[in-house]
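One line per chain: the protein sequences are A and B, in this order.
So the first sequence is numbered by my numbering: it starts at 696 and just counts up by one.
So the second sequence is numbered by my numbering: it starts at 29 and just counts up by one.
Please note: incorrect hints may appear among the correct ones.
[As the list claims (entries may be wrong)] Examples of chain A residues toward chain B, derived with CB under 10 angstroms:
#	residue
1	Ile730
2	Trp732
3	Ser737
4	Arg764
5	Gln775
These aren't lab readings, by the way, just hints derived from the structure by calculation.
Here a beta-carbon is modelled for each residue, glycine too, at the ideal position from N, C-alpha and C.
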Amino acid sequence: MYHKTQCEGFQCEQAMLEVPGDAETVREGVLDKLIAWMRQRSLFVLAYGTGCGAIEMRPLMTSRFDAERFGIIGAATPRQADVLVISGYLALKTLRRVIRSYEQMQEPKYVIGLGSCTINGGMYWDSYNTVKQVDRYIPIDIYVNGCMPRPEALIEGFVALQQRIKQGGKAGYHQYRENIDWYKANQRKALGEEMPPAYTYDWYHAGGVA
Amino acid sequence: MMHAVVDSLAMIGVSYVMGFLFYGFYRQLNARIQRRWGPSIWQNFFDNMKFFFKSETLSHGPMFFFGPMIIMAGAFTTVLFVPFLKDSTWLQGFSQYGNLILIIYLLVVGPLGNALAVGSSGNPFGVMGVTRGLTRLMGLEVPFFLGLALVMLQHETSSVHAIMAAQDGLANWGIVTNPVAFVVILLPFIAAQNASPFDVVGAPVEVYAGPRVEFGGRLLGVLMTQNMMMSIAKLVLVVDLFLGGASNVLVLIAKAFSLFLLTTAISMVFPRLKTEQAVDFFWKVPLGIGVLAVILTVWLPSWSA
Numbered sequence: 696m697y698h699k700t701q702c703e704g705f706q707c708e709q710a711m712l713e714v715p716g717d718a719e720t721v722r723e724g725v726l727d728k729l730i731a732w733m734r735q736r737s738l739f740v741l742a743y744g745t746g747c748g749a750i751e752m753r754p755l756m757t758s759r760f761d762a763e764r765f766g767i768i769g770a771a772t773p774r775q776a777d778v779l780v781i782s783g784y785l786a787l788k789t790l791r792r793v794i795r796s797y798e799q800m801q802e803p804k805y806v807i808g809l810g811s812c813t814i815n816g817g818m819y820w821d822s823y824n825t826v827k828q829v830d831r832y833i834p835i836d837i838y839v840n841g842c843m844p845r846p847e848a849l850i851e852g853f854v855a856l857q858q859r860i861k862q863g864g865k866a867g868y869h870q871y872r873e874n875i876d877w878y879k880a881n882q883r884k885a886l887g888e889e890m891p892p893a894y895t896y897d898w899y900h901a902g903g904v905a
Numbered sequence: 029m030m031h032a033v034v035d036s037l038a039m040i041g042v043s044y045v046m047g048f049l050f051y052g053f054y055r056q057l058n059a060r061i062q063r064r065w066g067p068s069i070w071q072n073f074f075d076n077m078k079f080f081f082k083s084e085t086l087s088h089g090p091m092f093f094f095g096p097m098i099i100m101a102g103a104f105t106t107v108l109f110v111p112f113l114k115d116s117t118w119l120q121g122f123s124q125y126g127n128l129i130l131i132i133y134l135l136v137v138g139p140l141g142n143a144l145a146v147g148s149s150g151n152p153f154g155v156m157g158v159t160r161g162l163t164r165l166m167g168l169e170v171p172f173f174l175g176l177a178l179v180m181l182q183h184e185t186s187s188v189h190a191i192m193a194a195q196d197g198l199a200n201w202g203i204v205t206n207p208v209a210f211v212v213i214l215l216p217f218i219a220a221q222n223a224s225p226f227d228v229v230g231a232p233v234e235v236y237a238g239p240r241v242e243f244g245g246r247l248l249g250v251l252m253t254q255n256m257m258m259s260i261a262k263l264v265l266v267v268d269l270f271l272g273g274a275s276n277v278l279v280l281i282a283k284a285f286s287l288f289l290l291t292t293a294i295s296m297v298f299p300r301l302k303t304e305q306a307v308d309f310f311w312k313v314p315l316g317i318g319v320l321a322v323i324l325t326v327w328l329p330s331w332s333a
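Required output: the full structure, derived from the provided sequences and hints.
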């Protein structure tokens with residue numbers, strides 16, 4: 696979890712990734728730890744698929760890879776989901792839908808970016824119409840890189856996410872809440888007039904009450 | 029007074045624990061049949077607790093909030109009016125004040141609360157799910173209540189306690205003395221448990237999450253809880269009526285579990301029916317058997333006499 700607000704450059708980013716800052720340590724009691732443990736055992740996944748990424752998502756739920764043994768099952772709607780898996784590139788049109796879905800999810804919520812396209816645009820790096828860094832528009836908790844990553848890699852990403860949830864601390868949705876203006880400015884820059892109407896995210900400013 | 033409070037809490041606790049363990053077993057068995065490991069047996073408990081500790085930021089007006097509460101109240105009262113044990117002062121709830129006819133009414137509270145809440149959300153997928161649910165309810169209620177009426181006719185009482193007391197010994201169990209009524213009740217019972225082949229209401233691929241499409245967070249946790257408790261209440265009711273009740277908790281769990289295994293085996297084998305196919309089926313096969321059984325039990329003895 697980092698954003699280029701504090702420093703620039705590869706080594707600085709690496710340091711921020713490896714050493715959690717003061718802001719990331721949250722005091723937690725026994726009950727919080729228990730709830731966090733149950734939470735990481737039960738992840739409902741909203742899979743957002745664009746082409747090749749969606750093909751790698753399917754075997755995850757079937758008998759061969761069996762993600763259900765980790766408590767990971769598919770959710771029907773964003774309302775019920777905990778994890779949003781963005782598998783592949785986002786075009787400007789789909790970015791709008793993904794933002795809308797992400798904002799409909801109930802907290803705590805997490806995002807997994809699957810494939811190189813979510814990290815730096817991947818093979819669409821010079822496309823005029825795709826988003827290069829999804830992290831600038833919605834906060835991503837775990838990246839699974841590869842083009843495309845195998846289901847095993849995705850399972851490893853899920854396990855890493857489970858570890859992170861178990862540890863507690865701040866996740867992507869905290870970042871989104873705290874830096875909502877930064878995210879909204881980025882989204883407005885990318886989407887322009889196609890920006891979702893303000894009432895869809897007003898409640899972020901109103902202190903969490905819809 | 030104190031005894032009633034502790035007893036009610038114990039009943040709610042027992043039905044909740046049995047509920048998530050049975051459903052956890054169901055998911056694990058389903059996984060093993062599909063040749064995978066499946067989740068742990070506690071998975072439904074984890075899911076439920078997770079939903080209780082999620083935020084709930086959406087609102088569709090007061091009815092959207094009260095709907096799940098009505099369903100939950102329906103589940104609690106149903107649990108409290110079904111006696112879990114016979115010849116015991118414990119796990120009775122308020123069952124001595126109620127009878128089978130009251131339980132029949134309480135069983136309908138859930139679907140009605142569902143319809144109220146989902147209707148106020150205005151989600152077309154949810155409304156579609158509720159329409160399917162109420163259509164299926166129309167199909168399953170008639171044979172289900174006919175089966176219960178057959179049991180009441182056989183024992184000439186509507187008190188669950190009296191029906192349990194009449195079934196002392198294996199030879200007097202309802203399933204032995206009145207197998208036709210058991211057959212009439214079994215299939216609508218599977219549908220009332222929302223199990224395959226009659227699970228078109230919550231079918232994820234066809235209508236998204238069915239009636240629950242708009243619920244997330246705590247309200248979904250409430251709905252999951254009531255679903256598990258309601259399933260156990262219905263299982264215990266059928267155990268009381270046909271398997272002679274239970275004299276202690278272990279026997280209760282064993283009998284309820286064997287009944288659960290029977291319904292699970294049926295629902296694992298048969299694929300999902302469409303709504304109209306399900307209603308057609310209920311109004312032909314279980315209702316046909318039920319009408320025949322009524323003729324056999326009511327008029328035939330008087331003709332031969």
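These are the hints, each one checked on the structure:
1. The interface hint given for Ile730 (chain A) holds, since its Cβ lies 5 angstroms from the closest Cβ of chain B, which is under the 10 angstroms cut-off.
2. For Trp732 (chain A), the suggested interface contact is upheld, since its CB lies about 9 angstroms from the closest CB of chain B, less than 10 angstroms.
3. With a least beta-carbon distance of about 4 angstroms to chain B, the hint placing Ser737 (chain A) at the interface is held under the 10 angstroms criterion.
4. At about 4 angstroms, the closest approach between the beta carbon of Arg764 (chain A) and any beta carbon in chain B falls short of 10 angstroms, and the interface hint on this residue holds.
5. At a threshold of 10 angstroms, the smallest CB-CB gap from Gln775 (chain A) to chain B is about 5 angstroms, leaving the interface hint in force.
The structure agrees with every numbered hint stated previously.
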